[in-house]
Amino acid sequence: MKGAFRGMAAIIKKEFARFFFDRRMLITTLILPGLLIYVVYTLMGSFVTNIAGDGNYSVAVKNMPGSMEPMFAAVEQFEISDADRDDDYYKSQVTEGGLDIYVIFPEDFDEIIAFAGTSGYVAPEVQIYYSSSADGSTAAYSAFAAVLDAYEQAISNVFNVNTGGNYDLSATSAATYILSAIVPMVLIVLLFSGCMAVAPESIAGEKERGTFATMLVTPVKRSHIAIGKIISLSCISLLSGLSSFLGLMLSLPNLMSGVFDGVDLAMFGAADYLMILGVMLSTVLLLVAMISCISALAKSVKEANSYIAPLNIIVVVVSLLSSFLGNPSAPLYLIPIYNSAMIVTDIMALAVSPLNFIIAIASNIVYAALLVFLLTRMFKSERIMFNR
Amino acid sequence: MQEILSVCNLKKQFKLSYKQQKLQHTDKKVLTAVDGLSFTACKGEIFGLLGPNGAGKTTTLRMLATLITPDSGDAYIEGYSVVKQPDKVRSRIGFLTGELKLEDFFTPNYLFNFFSELYGVPADVRARRKNELFSRFGIDRFAEVKLANLSTGMKQKVSLVISVVNDPEFIIFDEPTNGLDVLTAKTVTDFLLELKAQGKTIILSTHIFSLVEKICDRVGIIIDGRLAALDTVSAMTKEKGLEDVFFDIYAQTAGGVQ
Numbered sequence: 001m002k003g004a005f006r007g008m009a010a011i012i013k014k015e016f017a018r019f020f021f022d023r024r025m026l027i028t029t030l031i032l033p034g035l036l037i038y039v040v041y042t043l044m045g046s047f048v049t050n051i052a053g054d055g056n057y058s059v060a061v062k063n064m065p066g067s068m069e070p071m072f073a074a075v076e077q078f079e080i081s082d083a084d085r086d087d088d089y090y091k092s093q094v095t096e097g098g099l100d101i102y103v104i105f106p107e108d109f110d111e112i113i114a115f116a117g118t119s120g121y122v123a124p125e126v127q128i129y130y131s132s133s134a135d136g137s138t139a140a141y142s143a144f145a146a147v148l149d150a151y152e153q154a155i156s157n158v159f160n161v162n163t164g165g166n167y168d169l170s171a172t173s174a175a176t177y178i179l180s181a182i183v184p185m186v187l188i189v190l191l192f193s194g195c196m197a198v199a200p201e202s203i204a205g206e207k208e209r210g211t212f213a214t215m216l217v218t219p220v221k222r223s224h225i226a227i228g229k230i231i232s233l234s235c236i237s238l239l240s241g242l243s244s245f246l247g248l249m250l251s252l253p254n255l256m257s258g259v260f261d262g263v264d265l266a267m268f269g270a271a272d273y274l275m276i277l278g279v280m281l282s283t284v285l286l287l288v289a290m291i292s293c294i295s296a297l298a299k300s301v302k303e304a305n306s307y308i309a310p311l312n313i314i315v316v317v318v319s320l321l322s323s324f325l326g327n328p329s330a331p332l333y334l335i336p337i338y339n340s341a342m343i344v345t346d347i348m349a350l351a352v353s354p355l356n357f358i359i360a361i362a363s364n365i366v367y368a369a370l371l372v373f374l375l376t377r378m379f380k381s382e383r384i385m386f387n388r
Numbered sequence: 001m002q003e004i005l006s007v008c009n010l011k012k013q014f015k016l017s018y019k020q021q022k023l024q025h026t027d028k029k030v031l032t033a034v035d036g037l038s039f040t041a042c043k044g045e046i047f048g049l050l051g052p053n054g055a056g057k058t059t060t061l062r063m064l065a066t067l068i069t070p071d072s073g074d075a076y077i078e079g080y081s082v083v084k085q086p087d088k089v090r091s092r093i094g095f096l097t098g099e100l101k102l103e104d105f106f107t108p109n110y111l112f113n114f115f116s117e118l119y120g121v122p123a124d125v126r127a128r129r130k131n132e133l134f135s136r137f138g139i140d141r142f143a144e145v146k147l148a149n150l151s152t153g154m155k156q157k158v159s160l161v162i163s164v165v166n167d168p169e170f171i172i173f174d175e176p177t178n179g180l181d182v183l184t185a186k187t188v189t190d191f192l193l194e195l196k197a198q199g200k201t202i203i204l205s206t207h208i209f210s211l212v213e214k215i216c217d218r219v220g221i222i223i224d225g226r227l228a229a230l231d232t233v234s235a236m237t238k239e240k241g242l243e244d245v246f247f248d249i250y251a252q253t254a255g256g257v258q
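Note that the protein sequences, when read in sequence, are chains A and B. First residue of the first sequence? That's 1 in this note's numbering, and the numbers climb one at a time after it. First residue of the second sequence? That's 1 in this note's numbering, and the numbers climb one at a time after it.
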């Protein structure tokens with residue numbers, strides 16, 4: 001029995017040797033994807049932060065009403081200074097960017113608004129000078145106007161909505177929601193590109209170079225060649241996928257810091273990460289088996305890549321669907337790729353059902369096994385392996 | 001003499017695509033590559049298959065090596081059928097052809113070990129054989145150089161050594177000296193004679209008359225997938241050289257050289 005698997009072990013070993021001893025391949029499939037994703041997403045995050053500004057607005061206010069002073073003092077973002085020079089000076093400051101906004105209240109603002117609601121009342125005007133070409137200035141304008149609005153609402157109080165207290169009943173934060181929408185699609189696309197980097201080369205490439213036939217002359221069983229190839233290619237693709245996933249997860253806090261805080265990877269436990277690993281493994285097995293079967297049909301790597309292109313599109317669309325369709329029923333977890341994306345969505349939303357998890361993993365493994373059987377049949381077919 | 005190979009009425013047809021039909025100026029949808037071929041080879045002999053390009057030599061050898069299956073007929077190597085027991089046949093033969101390539105990325109040493117494992121050669125036997133064969137062909141000097149960096153001659157030596165990695169009793173060589181310089185070609189023919197001296201059976205396809213005259217015991221001339229003549233080389237060349245004999249036979253069967 002041991003001898004029977006020696007050929008399979010030799011093929012696995014050879015595929016690993018082909019990959020791990022090739023520095024170029026190692027760098028392009030294992031190190032670069034993770035590194036690139038980390039760098040690109042971190043840069044994107046820092047751009048977002050820059051656009052939002054550092055969060056502090058310099059504001060010059062003329063005639064600050066006594067009633068509003070404590071309100072603005074409470075907002076940490078505003079660095080308020082009293083305007084004691086003439087208007088033109090401050091306006092030019094706003095234009096040149098030395099100041100975010102310049103606000104002018106009427107001199108006796110508090111006295112005027114005390115008569116609000118009486119007949120003959122003329123509402124006083126607050127002037128806010130800003131520069132629409134500067135992002136910080138626009139943001140400061142909106143923030144200042146929002147405070148004024150809130151004050152206006154407060155003094156003409158007719159009714160209140162949600163003042164004080166926590167009314168959000170969701171158990172999870174918005175961060176988990178965003179994670180559960182982005183991560184599954186990106187993860188599956190990354191896994192797919194990991195498989196694409198190795199599988200066509202190993203099947204169609206060997207066919208193209210005539211090295212596959214050399215293996216077919218030996219007494220190793222075709223099924224052992226198929227299993228050996230799928231196992232080794234899956235391991236390599238998984239490593240490539242893990243590298244990308246690591247880059248993605250590590251860059252998420254940087255990517256989202258400009259939008260909101262609260263993305264904390266520590267909210268996922270070891271069990272969550274293990275489940276993700278399980279999904280990734282079963283998905284990679286399936287993807288490698290699919291890509292290998294298609295590659296076996298092709299005469300060259302180039303041809304294989306063009307055959308696989310439509311599959312790539314299907315995989316992207318199907319994994320995207322998981323973010324749109326909420327709460328699918330258990331049988332839907334039998335749909336390949338979609339089930340993987342759904343499970344990752346569930347894990348990210350901290351709402352995974354054990355039954356669905358098992359259905360997804362088991363069905364992926366069954367599909368992969370069926371494809372290995374198909375691949376064996378293809379390796380036995382002289383029309384597929386030797387037709388030129 | 002013990003019969004090691006027996007080929008019985010072997011037939012193989014290939015479908016022609018529309019493009020191939022146009023290229024070959026024919027309306028036929030099917031090309032008969034091998035048409036009812038029968039012959040035998042005995043232990044310890046070198047059997048030559050001689051014929052022009054496209055005669056069906058390579059197709060015959062590929063069927064014997066179990067890479068493709070015959071449409072009808074069968075061949076038995078050491079009593080095992082190439083159709084029904086391909087796994088048994090594969091473990092008993094060596095096959096060398098220009099079509100079967102070795103991966104450029106690996107070294108001769110790695111490839112020898114890899115194929116030894118595929119054939120299930122025990123580690124101690126493998127080490128001994130590697131030593132013998134590598135020093136016999138001078139591969140030990142470049143055993144750790146990637147194939148991509150070797151010359152054509154060096155590569156052919158590595159292919160030769162790997163084709164006999166399992167120490168087979170029956171070896172198939174498809175045009176083994178094609179594209180080689182005279183020195184490397186001589187190394188190959190010397191090795192074939194050495195194998196014969198060890199009692200191995202060799203079947204060899206070629207279109208080089210001198211090679212047949214020099215090393216083959218018997219020769220079968222294939223024309224259009226059929227065996228046009230079969231005899232010992234000495235009997236066939238009793239009156240004139242093999243080349244003239246071949247042209248005579250060709251003129252009789254195919255109606256002269258075009």
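Derived from the structure by calculation, the hints contain no laboratory data. There's no promise every hint is true.
[What the hints assert, rightly or not] Here are the simulated lysine to aspartate or glutamate pairs, DMTMM-like style, with alpha carbons at most 20 Å apart:
(1) K62(A) with E107(A)
(2) K15(B) with E382(A)
(3) K155(B) with E107(A)
(4) K101(B) with E206(A)
A quick look at each hint next to the structure:
1. Distance hint between K62(A) and E107(A) is fulfilled; the C-alpha atoms sit about 8 Å from each other, no more than 20 Å.
2. Of the pairs offered as hints, the one joining K15(B) and E382(A) holds, with about 13 Å between alpha carbons and a cut-off of 20 Å not exceeded.
3. Restraint check for K155(B) and E107(A): not satisfied, since their Cα atoms lie roughly 96 Å apart, outside the 20 Å limit.
4. Between the alpha carbons of K101(B) and E206(A) the distance comes to roughly 9 Å, so the proposed pair stays at or under 20 Å and holds.
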